[in-house]
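Residue numbers (the working numbering), protein chains in the order written: chain A, 2 to 114; chain B, 187 to 299.
Don't read these hints as lab results, they were simulated from the structure.
Small disclaimer: the values here were computed from a predicted structure and weren't measured.
Hints are not guaranteed to be accurate.
[Unchecked claim] Selected chain A positions facing chain B (Cβ under 10 Å, derived; list incomplete):
no. : residue
1   : 3
2   : 7
3   : 37
4   : 44
5   : 45
6   : 47
7   : 68
8   : 69
9   : 72
10  : 90
11  : 103
12  : 104
13  : 107
[Claimed, not checked] Within a straight-line C-alpha distance of at most 27 Å, the following computed DSS-like cross-link-like pairs (lysine-lysine) qualify:
no. : chain 1 : residue 1 : chain 2 : residue 2
14  : B       : 251       : A       : 101
15  : B       : 243       : A       : 38
16  : A       : 101       : A       : 6
17  : B       : 203       : A       : 101
18  : A       : 6         : B       : 257
From the three backbone atoms N, C-alpha and C, an ideal C-beta is built for every residue, glycine too.
Residue-level listing of the chains:
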Amino acid sequence: DQQVKQNSPSLSVQEGRISILNCDYTNSMFDYFLWYKKYPAEGPTFLISISSIKDKNEDGRFTVFLNKSAKHLSLHIVPSQPGDSAVYFCAASVVQGAQKLVFGQGTRLTINP
Amino acid sequence: EAQVTQNPRYLITVTGKKLTVTCSQNMNHEYMSWYRQDPGLGLRQIYYSMNVEVTDKGDVPEGYKVSRKEKRNFPLILESPSPNQTSLYFCASRPQGLAYEQYFGPGTRLTVT
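Same shape as in the complex, but just chain A (with noise of 0.2 Å):
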């Protein structure tokens, strides 16, 4: 049972445009939603995360929306670098409790010079 699904195992985009990473998730009790990066060899790192009383994150050039009707978040990166390829996962957690992580399945972004 994939609380948490992003769709699509790879995207490739041409550099200096906009990518859009997807996310949709199952589970309405999910509260708070977050954005990893990680690159080969290397653990994922925080990128940004929104909070479900917000629809939008912004921090340099990447923005995170959240559609909590349709229960989809996307990350959007503008404009794309070539240091941006890398596997992204979103993931969510719910506020009360163990405030456990749930990730998708990831995405492989190549920024494409």
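Using the hints provided, position chain B relative to the given structure of chain A.
Below, chain B alone, put in the same frame as chain A:
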């Protein structure tokens, strides 16, 4: 430098030979957890610990043990490894409270033959 360290980084072993993967963090974090990453499945939580001597099962605990005798260390023990435990393992930590961003170690690639 604030970090989570794991050892070993790579390990090839045989079925049934007990092994321990160590994890240590220098950030005084209360919360620590172990994940495994498998193709198409993302990161799945194995065990987590809210503090010293407090541990609990994650989503895929079968075949694993953990202990938390000191705040900084959270070893993962495979008493009798099997080939289906071949995977990439990550340890993570974060402070207690409303802080969902976990800090991950570099990963341990385990192969069980």
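We went through each hint and held it up to the structure:
The beta carbon of residue 3/A comes within 8 Å of a beta carbon in chain B, closer than 10 Å, and the hint placing it at the interface holds. With 10 Å as the threshold, the beta carbon of residue 7/A comes within range of chain B, its nearest partner Cβ sitting at about 8 Å, so the hint holds. Hint on residue 37/A holds. Least Cβ distance to chain B is approximately 8 Å, under the 10 Å limit. The closest approach between the C-beta of residue 44/A and any C-beta of chain B is roughly 3 Å, which is under the 10 Å cut-off, so the hint is satisfied.
Taken as an interface hint, residue 45/A checks out: its beta carbon lies about 5 Å from the nearest beta carbon of chain B, inside 10 Å. Look at residue 47/A: its Cβ gets to within about 4 Å of chain B, closer than 10 Å, so that hint holds up. For residue 68/A, the interface hint is violated, the least distance from its beta-carbon to any beta-carbon of chain B being 20 Å, above 10 Å. Here the hint on residue 69/A is broken, as its CB sits about 17 Å from the closest CB of chain B, past 10 Å.
With a cut of 10 Å, the hint placing residue 72/A at the interface with chain B is violated, because the nearest CB-to-CB distance is about 17 Å. Taken as an interface hint, residue 90/A checks out: its beta carbon lies about 6 Å from the nearest beta carbon of chain B, inside 10 Å. With its C-beta approaching chain B no nearer than about 8 Å, residue 103/A sits inside the 10 Å limit, and its interface hint holds. Interface hint at residue 104/A: satisfied, since its Cβ lies 4 Å from the closest Cβ of chain B, which is below the 10 Å cut-off.
Given hint, residue 107/A at the interface with chain B, holds; its Cβ is 5 Å from that chain's nearest Cβ, closer than 10 Å. The straight-line distance between the Cα atoms of residue 251/B and residue 101/A is roughly 18 Å, inside the 27 Å bound, and the hint therefore holds. Straight-line distance between C-alpha atoms of residue 243/B and residue 38/A comes to about 25 Å, which keeps the hinted pair within the 27 Å bound. The hinted pair formed by residue 101/A and residue 6/A meets the criterion: a straight-line CA distance of about 16 Å does not exceed 27 Å.
The suggested pairing of residue 203/B with residue 101/A is violated, with an alpha-carbon distance near 31 Å, which exceeds 27 Å. With a CA separation close to 33 Å, the supplied pair residue 6/A and residue 257/B exceeds the 27 Å bound.
Checked against the numbered hints above, the structure breaks hints 7, 8, 9, 17 and 18 and satisfies the rest.
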